[in-house]
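Dock the two chains into a complex; use the hints.
So the chains spell out like this:
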Amino acid sequence: MFKTEQKDGKLILCFEGRMDTAACAGIEKEVDGQVGKAGQPVVFDLRNVDFVSSAFLRFCISAAKKTGAGKFQVANAAPQIKKVFKIAGMDQLLSVQE
Amino acid sequence: MMEEKDVLLQKVDEYFLKAKAASAVFSQLDQQQTDAIVKAVYEAGFKNRIRLAKMAAEETGLGKWEDKVIKNAVATQFVYEDIKDQKTVGVIHEDHVSGITEIAQPMGPILAIIPVTNPTSTVMFKILIALKTRNPIIVSPSKKARKCSCEAARICYEAALGMDAPENCIQWVEDTSRETTQAMMTHKSLSLILATGGTGLVKSAYSSGTPTLGVGAGNVPVFIDKTADIPFAVEQICISKLFDNGTICASEQAIVAEKSIAARVEEEFRRRKACFLTAEQVKLLEKVVFDGEKKLMNADIVGQTAMTIAKKAGLDVPPDTQLLIAPLKGVGDEYPISSEILAPVLAYYIAEDFEDAVNICIDLNYHGGIGHTASMFSNDDENIKQFSMLMNAGRIVVNTPSAQGAVGGIYNMLSPSLTLGCGTGGKNITTDNVTAKNLLNIQRIARRRENQRLEKFDKSLYFDESLDAGAIEKIYNRNF
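As you go down the protein sequences, you meet chains A and V in turn.
Start counting the first sequence at 1; every next residue gets the next number (this note's numbering).
Start counting the second sequence at 1001; every next residue gets the next number (this note's numbering).
Treat the hints with care, as some may be off.
[Claimed, not checked] Here are the simulated lysine-lysine pairs, DSSO-like style, with alpha carbons at most 27 Å apart:
1. K1273(V) <-> K83(A)
2. K1287(V) <-> K83(A)
3. K65(A) <-> K1273(V)
4. K1273(V) <-> K1294(V)
5. K1188(V) <-> K86(A)
[As the list claims (entries may be wrong)] Label pairs and their calculated CB-CB ranges:
6. E16(A) <-> M1413(V): 48 to 54 Å
7. E1003(V) <-> A22(A): 41 to 47 Å
8. G39(A) <-> Q1443(V): 30 to 36 Å
9. E1003(V) <-> I61(A): 46 to 52 Å
10. G36(A) <-> Q1033(V): 31 to 37 Å
11. K3(A) <-> G1209(V): 30 to 36 Å
12. P1211(V) <-> A22(A): 33 to 39 Å
13. E5(A) <-> D1175(V): 45 to 51 Å
14. P79(A) <-> Q1033(V): 43 to 49 Å
15. I1100(V) <-> G39(A): 54 to 60 Å
Rather than coming from a laboratory, the hints here were simulated on the basis of the structure.
Heads up, the beta-carbon is just placed ideally off N, CA and C, and yes, glycines get one too.
Excised from the complex, chain V in its bound form (with noise of 0.2 Å):
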């Protein structure tokens, strides 16, 4: 009899097997094809956004399904606007002067690790950039969301069919485990793994061997300088940081304010039904939802309402509150909601001056957050500018509710993507808000286009030691 070990490795391996054909068969598909199978997922994941997201916040109990509406249109519809016209296949670039020739390549199987706050979305909008590229898709889904991101996954596989696309161009795990995920992501016939999900998950990834593009934890501070419209930067906050409650990982964690301006927002919060807790609240509070020992959010409380995060710490606030605002005094693990919390729960800081407000900053962005995204709310460009250079982050969000900003194509240009680069600094290896573009191989044809300086350059003065790189330079680059 086969072990256990055995069947779940066999079973891996025929996932592979069809994945491989699928790739095979893709790879004679032209543009044309390939566009109209997109469009035809595209369309199918839009037309089942609502009973997608109704399920998704039934099955995992996180956030709120008319959010999650929201993420799935962008999955699809703002993601197809993105990516449609886009070149994919065959020549996709080519310059005459210098001869230099660009195509486009599949990568081969993907495999698209989904994340347990985005579930159904992360999958339409993997399959939808995997497609246009010509790369077969497994997707592996959370545990906890098995059966709205298989059911995701299933819509556009029927789509895409009807279009005449390659058989198990995707794929999907209906019975994921941590083991199956494993022997997935080392399998020797996986081009890329495509993880969005936790830092541990992704590290995993990264460590399978195979190239992966990841995304990293984020820790959002966002600044309110002293020229920003505070009415409208706090309204933006609350629409961001109280979207699906908190799950998006682009969403504000803490709120820096200039002293000069800070009654003002404090005020313009209790409007809108933040709650600013007193000292012996943040205790009880961050009790809840941190996790001393693992140094992470607590995950029950993600995804969860502020009142009943509120009742879970017993605090006696507003029966209205939307969101519970911890003013703490600094940054690091003695603060413990200084670091990324996805839920209505927000830091808060009073700085100085504008100087002060940045080294805040800083030390929140370095707190668990470098690399993915930072907020700023000010009209003052060169306010902007300095922020932007001394953040460590991959997008910087700027009078922007930053869930929304940073998933890109709603407020602002930036590529509409789920799975957001964090550089090095998340240990990712891009910044990029990841799409169809990074799923290609791209092939050079380089013809010879002799360099004409180097033609007529005496090489023999290379052998000149008493020639300096300033002496060579100026010979190199003479103009005659």
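Looking at chain A on its own, in the form it has when it is part of the complex (with noise of 0.2 Å):
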């Protein structure tokens, strides 16, 4: 559901397909973690993303919490995504294209 990679310094999650509330409950812990120990700035890549969930925007919170002022960043959203982050008024966490 999704994959890590390092770059530029910063830690990528690239998440792939629905982002609904089942997929994020499977994938909870394992996001959190790799927030929680990154140490660094962290992206979050939703190139391959159609859908996200309450809960997913959850994971977001959390992760801008837990790296802290200007350390994360929403990446590669697509319109209909984008739009989303603009809505539910977090849209500070999008940046330009990674």
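Following this line, the structure appears as structure tokens:
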């Protein structure tokens, strides 16, 4: 459901498919663990994501808190996903293309 | 330490953070997913109609639980039946000739103000129409009906989550207060207020700067003309006025009967255990049902039985009295019972003829009920039209119990609703029975369709001052 990679001193988590409640429940601990021990900026890459649930938005809020100010970003969101972040008032997390 | 006000504002912020996230997730759902959520919520609400009705009657001490069951059924079954097939997601209309395509977009977080008189039915109704349009909703109950309103919201939310609805798509305020409601109404993330309640509250919602769909006060005149079926008319009025002890704002407030049929009308009412009061009794009743200082009905008598009110007023009436009828000679502040009284109390007027009756109805309509509802019993369509054109009412119900008729779906094809718009007369933006379609932002794609007449028209003629509107129109509309 997600892969991790290191790039330019950042931890990139690449998610895939529908990030619905069930999918999020399945990866919650792993995502939490990865972000928690990162000790470096974290990026959620959403290029292959076509749906985000409330649970996924919570991942983002939690990751932003854990990594500290300005060290968390959401990248490569498709327009329909970008709009979700805008409506949720979380667009400050959106970055330009990674 | 944080001050009380800061704690409150922080709490309100949290509601809206959650609501905005719900709104965002909701925006991704398609029609099928949306409809599945609405169906599950309707079924859960309907299943709990009796328990919620009993809770509401017990907690508020208003009305009858049996009638509240009917209200809950209308708010779920009838509302669902009305909205279930409506398109509310994405493209909802396409016209290839005009090139216009309409797209339905949700509005965003809605604040639902709930009245004490319909505390569970209004919750379920507002939740259904909000979810159908993919809007998250925050339920703000009346203090006097907090438990039952929150329970109704909780039941709906649980059912919605069962169908993968966005988290927090329904929230409710357990510890409601005037300050919380005020802070919510003015919150920057709130998109719309669905304000059903007293005049003060609705005015406060409109003053908040947030778009509001509100309601107005009613003062429903019911005109029985000489062509009416009198036993039927009286039966229907009793069905309406006695429903939930008169708590519905669309229930009849004053009967106006033509002189030629007045005796028969009175006889029918008496047969149905209505008591016509003497002038002295009317004076006693006025003091109990009306607060002269506030110029409003007395809140203590709302939804009480006729006998409870008669006892309070010290009226000696038959012990099985169902309805108190006050014959009056005029309308206005000097006749308190000519105002809205949400209890089994009716004003009664005998009119000389049709014109006199309509004049009395106009006075009643303009005495605190502009834009709401008017009612007529008649079998003459010309009379019905004439009467209707002279009323300032969002709905004029005909040969129908007005409480149930105005709510829609039972006796007519009006949209079933527990929020009845009263137009500009009631300081509202619509006269609609508010429903799902009122909770959408409709976007229009306007494709290029050139105006052929303008293309062929010599535009320099606009600069010729000798040509008046008629001359220009003639050239503009020339059929080559």
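To see whether the hints hold, each was checked on the structure:
no.	hint	in the structure
1	K1273(V) <-> K83(A)	violated, 62 Å
2	K1287(V) <-> K83(A)	violated, 59 Å
3	K65(A) <-> K1273(V)	violated, 69 Å
4	K1273(V) <-> K1294(V)	violated, 31 Å
5	K1188(V) <-> K86(A)	holds, 15 Å
6	E16(A) <-> M1413(V): 48 to 54 Å	holds, 49 Å
7	E1003(V) <-> A22(A): 41 to 47 Å	holds, 42 Å
8	G39(A) <-> Q1443(V): 30 to 36 Å	violated, 45 Å
9	E1003(V) <-> I61(A): 46 to 52 Å	violated, 26 Å
10	G36(A) <-> Q1033(V): 31 to 37 Å	holds, 33 Å
11	K3(A) <-> G1209(V): 30 to 36 Å	violated, 47 Å
12	P1211(V) <-> A22(A): 33 to 39 Å	holds, 36 Å
13	E5(A) <-> D1175(V): 45 to 51 Å	holds, 47 Å
14	P79(A) <-> Q1033(V): 43 to 49 Å	violated, 20 Å
15	I1100(V) <-> G39(A): 54 to 60 Å	holds, 55 Å
Checked against the numbered hints above, the structure violates hints 1, 2, 3, 4, 8, 9, 11, 14; every other hint is satisfied.
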